[in-house]
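S.K.: Given next are the chains, with one letter for each unit.
2 protein chains.
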Amino acid sequence: MIIGALEMGGTKMVCAVGDENGNIYDKITVPTTNPKETFKEVIGYFTGKGICALGIGSFGPIDTNKGSKTYGYITSTPKEGWTDCNVVGTFMEALNVPIGFDTDVNAALLGEVYYGGAIGLQNVAYYTIGTGIGAGIMCGGRLLCGVSHTEAGHVLVRRYPGDTYAGKCPFHKDCFEGMASGPAIHERWGAPADELSDRNEVWETEAFYIAQCLVNLILIASPQRIILGGGVMHQMQLFPLIRQQVKEMMTGYVKYKESDDIDTFIVPSQLNDEQGIKGALRLALDAL
Amino acid sequence: MIIGALEMGGTKMVCAVGDENGNIYDKITVPTTNPKETFKEVIGYFTGKGICALGIGSFGPIDTNKGSKTYGYITSTPKEGWTDCNVVGTFMEALNVPIGFDTDVNAALLGEVYYGGAIGLQNVAYYTIGTGIGAGIMCGGRLLCGVSHTEAGHVLVRRYPGDTYAGKCPFHKDCFEGMASGPAIHERWGAPADELSDRNEVWETEAFYIAQCLVNLILIASPQRIILGGGVMHQMQLFPLIRQQVKEMMTGYVKYKESDDIDTFIVPSQLNDEQGIKGALRLALDAL
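Respectively, the protein sequence lines represent chains A and B.
Residues in the first sequence are numbered consecutively from 19, following my numbering.
Residues in the second sequence are numbered consecutively from 19, following my numbering.
The following block holds chain A by itself, in its conformation from the complex:
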């Protein structure tokens, strides 16, 4: 079975072909410019490859409600040129195969659940912490979704004591993404994350924001495992700091077997940044 997988990001698109076991046979990257140019290149890549379905994990917000007139669209994104962009319709017309469509973070979550660090688990959260912050959440084996997909990267947070940084989110200023994304770290400390690795205060601050959002998620959705990916999470010194702060903030209130062993409860992705594209394979399978 040859399956198409597309990870739509704000700066680049990853196009791949693979199979139902999560193997990726071929992969290219296309820069994200405007929909017309970018989709032309992406469609060119998949044309003639014999794919039986295409799975798309996309930046958002997107419309994943199949009953909606704008199902398959990117909706109110601040990214210029991409507002009200009909993603599913465009690929359906060009490739004539079933299309699976969900957020980039739900795709990454599925990658972890089917091929990565959460195989067999029914209750899992995946966060990406990089240029933006987002989360995919699975409860009882189903992706958490109300009227719309989760936007857990924009939750309101309490400030780290003494942190006077204004925040980087164009919508909420000092929400989670506004305080803890890669660009927020860069602006607050005057250098990109990977040049700040030895600055302890940077990572204490960062861990504080991440930990409180994990604590709130644990209280709401009690996952068996939380997987953290994205560029900022390549700073491995963050993990012990986050685990320590989660334990302190929980104060023992909610306890369950899986959360007791904090080192296997809060973990890095093990899929080398392929969680999103592997998850897109799964979205394609679900569409078949």
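Since the hints were derived computationally from the structure, they do not count as laboratory data.
One should not assume that every hint holds.
Repeated chains share a single entry, so a pair holds when one copy, or any two copies, can fit it.
Stated by the list, open to error - Computed cross-link-like contacts, SDA-like style, restricted to lysine to any residue with a CA-CA straight-line distance of at most 20 Å:
| hint | residue 1 | residue 2 |
| --- | --- | --- |
| 1 | Lys191 | Arg176 |
| 2 | Lys275 | Asn52 |
| 3 | Lys191 | Leu139 |
| 4 | Lys54 | Thr108 |
| 5 | Lys84 | Gln140 |
Using the hints provided, position chain B relative to the given structure of chain A.
M.R.: Chain B only, in chain A's frame:
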């Protein structure tokens, strides 16, 4: 069909018999003392009434995982005498009928979904804001539940500017419940909520804490309706303040049809504090 319904609260137990249409035929209240005494009275009430099932909505934390050894127990409650209390086992033995068991707030949510202000909706949140704070959340027609039930009353919150109150939660001090429960209002302002109705600063502060938690829930679970119950929410002047602050905090980021009309989106319970006991009827039906 005669159904038993039991709402287990920290100060009182409501025992009732009703039917599958949400009608309550008879209802009594029993004070919550210790399990032995209290259960004896409750069992006495239901004995001989011919109930075909019993639904129980309980204070918590409780174990709702049917695969667990302690399924049906109240677990780590701070309430003296009630830790590790086998609720389902006790009633099963005494009454010999199927028992439905969930949190008091999930019961209230079901009451609203089947008989109250959210009939026919698939994505709904119910908060009780009173002596404690708790939430029941339904996504895609299913109660949100991971390894354990939600504990959304204890999420960490940002402080209202200038609010120096330490917080009332025995576990987290200044979490949502710690800052916004009835006892927190009483301690912060020196009088119970119902004596403070005309003090605007009290309700601006209270609305700030409630609104931010609703905003975070909207971001995570995008409900079609949010119903607010509990003693504090009898202060109806809170509703316009909460609605206004939710709109301001969202800054238009997440938008969907149901959230646009804020007056029908965030609403009081219409079940006159019977949402919990009516929902318990539903828990009994689900157990049949």
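S.K.: Hint by hint, where does the structure go against what was stated? Just the numbers, ascending.
M.R.: 2, 3
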